[in-house]
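Enquirer: Which chain is which? The protein sequence lines are V and L, in order. Just so we're aligned, residue 1 is where the first sequence starts under the numbering used here, counting upward by one. Just so we're aligned, residue 1001 is where the second sequence starts under the numbering used here, counting upward by one.
These are computed hints drawn from the structure, not numbers from a lab. From a predicted model like this one, the values you see are computed outputs, not experimental measurements. Built from N, CA and C at the ideal position, the CB exists for glycine as well. Keep in mind that a hint or two might mislead.
Heads up, incomplete: computed chain L residues facing chain V, CB under 7 Å, no partners named [unchecked claim]: (1) L1098; (2) L1105; (3) S1280.
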Amino acid sequence: MRKEPLLNMALLIALLAFPLWAWVADEPFLITLTTRAIIFAIAGVGLNFALGFGGLVSFGHAAFFGLGGYVMGVLAFHAQTYTPVLDWPFVINGTKSMPIVWMVAIVLSGALAVAIGALSLRTSGVYFIMITLAFAQMLYYFTISWSTYGGEDGLSIYVRNDFPGLNTMDPIQYYAICYVLLLIVLGLVYAISKSAFGLALGASRQNEDRIQAVGQGPFGLYLTAFAISGAITGLAGVLHADLNRFVSPTMFSWHTSGEIMIFVILGGVGRVFGPVAGAVLFIVLEHTLGGLSEFWHIYLGAMLLGVVLFARGGLIGLIAGREVAHD
Amino acid sequence: MSLLLFIEQTLNGLQFGVMLFLMAAGLTLVFGVMGLINLAHGSLYMVGAFAAAAVAAATGSFLLALVASFVCAAFAGILIEFFIIRRLYDRDHLDQVLATFALILIFSEGTRWVFGSFPLFLDTPEWLSGTVMLPFGIEYSLYRLAIILVGLIVAAGLFWMIARTRVGIRIRAGENDREMIAVLGVNISLLYTFVFALGAALAGLAGALIGAIQSVQVGMGEPVLILAFVVVVIGGIGSISGAFVGAILVGLTDTLGRTMLPVFFGLFLEPSAATSLGASLSSMSIYLLMIGVLLFRPKGLFGGA
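For reference, chain L alone in the conformation it holds in the complex:
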């Protein structure tokens, strides 16, 4: 394997990782602050992608499409939080899993109803298509590079918000002791709605960004949701830094595993066996990573003591 390919795949892994972070951040915040496990997070990702595709088709502007994905997903988040999710905060996890699973069914079929079963297409804008020359003569897709940058900027913004702003202080306080900050006069239900909408908006944005590389279709959120769960478990539930480290780890492991493992097995196996063994193992690699982490740190890398 050439060094160039390796660097390119590392960048791809990084791009995948930052997108996973956008998904996982919402999941881990919602769990950390409200104690809620939200399976419908993948549906918000899908909502974002469909909103972006619809707006891009109507206006032709990619930036407007991104704004739409963010706003629509946040709005959908506020709606389901207000009508359904807030009834689940005090319930046990089983009820939360079931209710949000029910929401997935409703969202997926509802989207199929409105948009049909065929995938929609969201094109990368002209000013972001093509490739860019990086140092050392590496040619890389401009759009993917833009995704990495957007993801890192959003991540930095999120860290800043949580560490430095009043809302962030309240969110952290809410993670520590819900009753106490309610007693101190913080409007806790407004805070919960805000956190949920924030997570939803990030998921929607991720959906739109990825939708331009892959296709926009019903059920697109589910594989990503499960990867985001793996990220959250590896990082430690409730920890934003954990989600970031976990997301990058998972992104790199998955992407590099897919290219490197078949090559690695090719060193001592015949090509066809190496390809099939490599493919099987690489599809399992992130789960093996998760098992490995849990064996040594059952509460995740950044989980409490």
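So that you can see chain V by itself, here it is in the shape it has in the complex:
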């Protein structure tokens, strides 16, 4: 028990120290790499909320990641071409302001999660996995055939959105934004997991009948958890789009869903910090193995297989010596 909080702290400090070192050493590429890890971590924290805390195995979180990306892409596209997003029944203009884009993305991904959740939660088990996957695929094919915003080629944005008082094109300043957002999200998830709602959610994951017997319908709990989860992953999608200044249907692809799931599993399911460790490990692997061999996915696959078959608590579980997060 004692080892895990220490490990989490060490992780956060390392994520602060490494980019600062890279900044001093003038290695902007390493800063960008760490930014990617942070953004993936946020996406993973989002999925972990549904998957780890609620036991909802969603294989379609790319839907929210992609939606977040496209919110940024579409708003910035209209801002840079000076055209309104919508001119009827009321005028909506594009925007380059980060906080506004974040809010829109969070609200829209949350709403999408409510819609997808309301339909998918009628089922459970394998059906749930396949249906969430199918919803994400549906959006994937929709964006491919949606030629207004680039279709299959995606949408390039010339400059990053603005944040008051900061130069977002400077890697270290953009990193700071993402890092602070990660801290906020982690704090929020931690607080929710300890709240009455979080406890009820954990209880219904472990035993639906009992939670129903005390008058808490699992459906409402699951739907709320799914909405929060989708909103967080949507935020990660915006940040990812802003980092690359590019959105494409790939963000909706099922590989993205699989990768977000890998962050959660590599790090450890149901642990607040699990996805952070997982995303960092993923980026380290991608960078080192990717340098060794063009076919690094083979090693990633083998490693993932090893974690699933033999190390069920993920990286944090392995180091902290506890398989189960908290039960």
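Starting from the known structure of chain V, arrange chain L on it as the hints suggest.
Expert: Leaving out everything else, chain L in the frame of chain V:
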């Protein structure tokens, strides 16, 4: 839209549907009997296509290529079942999804390693190329017609095997109560390996048959896998009849949607808007179909009560 085009597209939809059935049958059997969700099923489809392309290039015989696709995919199925999949039967679905996702990564990159990134070509044999005259003056591709027939024959064989043979009885018994048939002296792990290999072989065959129309390349199995999932969900997990009905429904909806929806919107929209709206909607049509089915039957058309 002319009636001829409509009939031709219906046949195309049927052809797509039977191929989807070959994929979905394995998925639904493996789920029904072993309770396993297998994402790597698309990789077995790819293995079949590559085996067929390699053998066709070496021997020039299309029939040998088909045999190779069936055998190689079955063999690959036995290998992964023996070394990996059987450790997953008792795990929860999350572990199964992840482990089989890992298998996809390994299979795809491994294939890229061996065969390179460029697509291979598998030609339709001469005796199946060209078109054939159907009644009412419909001209249709002979190869596609052959696919429909092969698919229907395989489907009939599968139904016969499950309904009439001893192995089929065991498979159905395994779906109902795994422990009980193990207690009755059936070698359950052999049965599981057989079911998995059967599903793999059907997927491999589908891969080879489709590979001759499209190109044989890494990642070809993934779009088909997801469609097969939709089929399985619509039909009801574990139900072979459900998989058949679902596959035909999905095949027809997808193919007809692509041709009919733009025409339909063209009736009251300007052409460019009709084309783009039609294309967007038709790419979503099968998912909308799935949502519709699930709203009324959350366990699929043929799913248990």
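Enquirer: Next step is simple, just say for each hint if it's right about the structure.
Expert: Results for each hint:
1. L1098: Holds: closest Cβ of chain V sits about 5 Å from L1098 (chain L), inside 7 Å.
2. L1105: 3 Å, holds
3. S1280: 5 Å, holds
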